[in-house]
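Trainee: Start counting the sequence shown at 1; every next residue gets the next number (my numbering).
Some hints could be false.
Claimed, not checked - Computed list of lysine-lysine pairs in DSS-like fashion (alpha-carbon distance at most 27 Å, straight line):
| no. | residue 1 | residue 2 |
| --- | --- | --- |
| 1 | K193 | K161 |
| 2 | K214 | K183 |
| 3 | K183 | K193 |
| 4 | K283 | K332 |
| 5 | K99 | K183 |
| 6 | K214 | K193 |
| 7 | K183 | K90 |
| 8 | K90 | K57 |
| 9 | K332 | K183 |
| 10 | K283 | K193 |
| 11 | K378 | K271 |
| 12 | K57 | K283 |
| 13 | K68 | K183 |
As the list claims (entries may be wrong) - Label pairs and their computed distance ranges (CB to CB):
| no. | residue 1 | residue 2 | range |
| --- | --- | --- | --- |
| 14 | D363 | D331 | 40 to 50 Å |
| 15 | A113 | G224 | 47 to 57 Å |
| 16 | D104 | E48 | 22 to 32 Å |
For the record, the hints were derived by calculation from the structure and aren't laboratory data.
Ideal Cβ placement from N, Cα and C applies to all residues, glycine included.
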Amino acid sequence: MKNNKQIKYLINSSVIIVGAVLVTVLLNAVLVAFDSKIPLKVSLTRDEIYELTDETKEIVDRVTDDTKIVVLYNGQTTEDMMLLTDIIEKYTQRNDKIKMETVDFANNPTDLAPYSEAIKSISNPHYAMIFAQGDQFDTAEASSYISTEGTSNIERIITNKLASFVDGFKISSITMTTGHGEKTNSGFESVLKMYNYNIKSVDLLKEDLPADEKTLVVINSPTGDFSAEEIDKLDAFLDRGGNVQIYFDPLASNAELPRLESYLANEWAIKRNHGVVVDMSNKLESAQETAAKYGIMALAELTDSEIVSPIKTSKRSVLYSASNSLEIAGDKPGTVEITPVLKTTNNAYLKDVATIGENQTSDDKSGTFDILVAATRKAYTLNEEEFTGKLLVSGSGYTMDTLIGDTRFANEDLLLNSINWMRGSEAGITVRAKELPQGSLTMPNSQFWPWFIVLVVFIPVGICVWGLVVWMKRRYK
């Protein structure tokens, strides 16, 4: 009888163990099968680097044809490779028209044959991506999405590339004026190209501005003045509801812009002061640059403008360098509304370009200065149709140029937010760079050892003791 009980317990135990193993194996098989279709991983990183933004989801959902993302690598699977493929999986899970393929070009070079044309445009194939849809293709090299400054541009690059395959997706254009010594090939243009903007140029002496009032016109640090005819074209464009951004270069001592500055002062009540802003109380202490030492490179004070409110909410900073101050006249036209966007602290003062680096004197104008302002102006046709022109004026071209690549600050967000404010729903794709998780999780000894004892000693020993007690009870029952 006793043997029968032992046999019964042995059979029951064996069935339970085998059943538990089968359930575990089956559950793992199901999870593996669905992992490529359903996102089972949750991103716990601060910037949700493994999650797609709503803007990306909208683009992904509009991909209707079979599209392949091919990742090239040299046979070694590194953290960068795993990060890249994990993020691409989010796209493939969202839309089954998007597939991912990895090609080991070092060990299997023949696998590159279908992409021979695309390969020609790639200088460094390691971790490069090829985007293929039918006979269309595009490429992205690792240097465009892997940052050395702790940020990831992977989602931004992939989403922009996929957008070019979406039917009906309109590539937004930015028109840069030429013929007045404007800066070209600036950081401003590089960022806009990264966000899939089409950069065009216009010479107002020879051409008219685009008829589309949603066009954004940028005057980037001119050193030569605009003619009366060109000013009239800009004014008419703004009257049609156009958008214009003007950036001044305060260090260009040879720049004489009386007509452009007079237009801003008389028609928009925005006066440019030629002194360079110095703010020693808010200067960038960690910088070695001469500009920071002299206080002309400093952190800006953010206002309540809708352009910078998201930056303010996220508690990020905007850096400016070498800026003129902008003065808002009290007798502005009734159709004009002006909102300061960036200011200095109340400890700032103005210096002539020639005296930058010298101590403050009693002759230096001091106080709080506006360095970036946004303005709107309403205009009406004979049929009483209303148009609203939007103007952004910056006392510093450097804020949106040389400083825009510094990911410690939100200058890039400032540029994109200003475009969104001007163009609203017509703005381009603005998926931001995301911060990479830094380092590993560290735990002090005071926390490590209690958890080690509980997890490695108490729980395993407890399970063993409980199992032994159960076995003894059954053994001698």
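Trainee: Going straight from one Cα to the other, do K378 and K271 come out at no more than 27 Å?
Mentor: holds, 20 Å
Trainee: For the pair supplied as a hint, K283 and K193, is the alpha-carbon distance within the 27 Å limit?
Mentor: violated, 31 Å
Trainee: Take the C-alpha atoms of K68 and K183, compute the straight-line distance between them, and say whether it is at most 27 Å.
Mentor: This hinted pair is violated, its Cα atoms lying about 38 Å apart.
Trainee: Next pair to validate is K332 with K183; report whether the Cα-Cα distance is within 27 Å.
Mentor: violated, 30 Å
Trainee: Need the status of pair K57, K283: alpha-carbon distance at most 27 Å?
Mentor: violated, 40 Å
Trainee: How does the Cβ-Cβ distance of D104 and E48 compare with 22 to 32 Å: does it lie in that range?
Mentor: holds, 30 Å
Trainee: So if I understand the rule, the pair passes when the alpha-carbon distance is 27 Å or less; does K214 with K193 pass?
Mentor: holds, 18 Å
Trainee: Holds or violated: are the alpha carbons of K193 and K161 at most 27 Å from each other?
Mentor: holds, 12 Å
Trainee: Need the status of pair K183, K193: alpha-carbon distance at most 27 Å?
Mentor: holds, 16 Å
Trainee: With the threshold set at 27 Å, check whether the alpha-carbon distance from K183 to K90 stays at or below it.
Mentor: violated, 39 Å
Trainee: Is the gap between the beta carbons of D363 and D331 within 40 to 50 Å?
Mentor: Because 27 Å falls outside the window, the suggested range is violated.
Trainee: Could you grab the alpha-carbon distance between K283 and K332 and see if it respects the 27 Å cut-off?
Mentor: Roughly 32 Å between the alpha carbons, so the hint for K283 and K332 is violated.
Checked against the numbered hints above, the structure breaks hints 4, 5, 7, 9, 10, 12, 13, 14 and satisfies the rest.
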